[in-house]
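K.L.:
Can you make the complete structure from the sequences, with help from the hints?
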Amino acid sequence: MTENIQDVISTKLAVAIANPIFQALIANCVQVVILVLICLMNTHF
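Following our numbering, the numbering of the sequence shown begins with 57 at its first residue and continues without gaps.
A couple of the hints might just be wrong.
[Said to hold, decoys possible] Derived CB-CB ranges, DEER-like:
{"id": "1", "residue 1": "59", "residue 2": "84", "range": "34 to 44 Å"}
{"id": "2", "residue 1": "67", "residue 2": "100", "range": "40 to 50 Å"}
{"id": "3", "residue 1": "89", "residue 2": "66", "range": "29 to 39 Å"}
{"id": "4", "residue 1": "96", "residue 2": "73", "range": "33 to 43 Å"}
{"id": "5", "residue 1": "90", "residue 2": "67", "range": "26 to 36 Å"}
{"id": "6", "residue 1": "62", "residue 2": "99", "range": "47 to 57 Å"}
{"id": "7", "residue 1": "98", "residue 2": "73", "range": "33 to 43 Å"}
{"id": "8", "residue 1": "60", "residue 2": "95", "range": "46 to 56 Å"}
{"id": "9", "residue 1": "97", "residue 2": "58", "range": "33 to 43 Å"}
{"id": "10", "residue 1": "60", "residue 2": "86", "range": "31 to 41 Å"}
{"id": "11", "residue 1": "98", "residue 2": "68", "range": "42 to 52 Å"}
{"id": "12", "residue 1": "94", "residue 2": "60", "range": "46 to 56 Å"}
I should point out that these hints are in silico values taken from the structure, not numbers from a laboratory. If you're wondering where the values come from, they're calculated on a predicted model, not measured in any experiment. Think of the CB as a built atom: it goes at the ideal place given N, C-alpha and C, for glycine as much as any other residue.
P.N.:
Laid out in structure tokens, this is it:
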């Protein structure tokens, strides 16, 4: 039982730590893609 509880706690901790990191990475990727698209639009038109 104690091992299962430790697994649950560790997975919850990992999710709690990883969620903001993934959200920040996704936000940065979206910003970079938008910037690249704007640059391409400016150069072509």
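K.L.:
Each hint should be assessed against the structure and marked as holding or not.
P.N.:
Each hint, compared with the structure:
Our hint of 34 to 44 Å for residue 59 and residue 84 holds, since their Cβ atoms are close to 37 Å apart. Residue 67 and residue 100 have their C-beta atoms about 47 Å apart, which keeps the hinted 40 to 50 Å range intact. A beta carbon spacing of about 34 Å between residue 89 and residue 66 agrees with the range 29 to 39 Å that was offered as a hint. In this structure the supplied range 33 to 43 Å holds for residue 96 paired with residue 73, their Cβ-Cβ distance being about 36 Å.
Between residue 90 and residue 67, the C-beta spacing of about 34 Å keeps the proposed range 26 to 36 Å intact. In this structure the supplied range 47 to 57 Å holds for residue 62 paired with residue 99, their Cβ-Cβ distance being about 55 Å. The given range of 33 to 43 Å is respected by residue 98 and residue 73, whose C-beta atoms sit roughly 39 Å from each other. Under the hint 46 to 56 Å, the C-beta atoms of residue 60 and residue 95, about 52 Å apart, fit the expected range.
A beta carbon spacing of about 58 Å between residue 97 and residue 58 contradicts the range 33 to 43 Å that was offered as a hint. Judged by the Cβ atoms, the range 31 to 41 Å given for residue 60 and residue 86 holds: they are separated by roughly 38 Å. The beta-carbon spacing between residue 98 and residue 68, approximately 46 Å, falls within the hinted interval of 42 to 52 Å. The hinted range of 46 to 56 Å is satisfied by residue 94 and residue 60, whose Cβ atoms lie roughly 50 Å apart.
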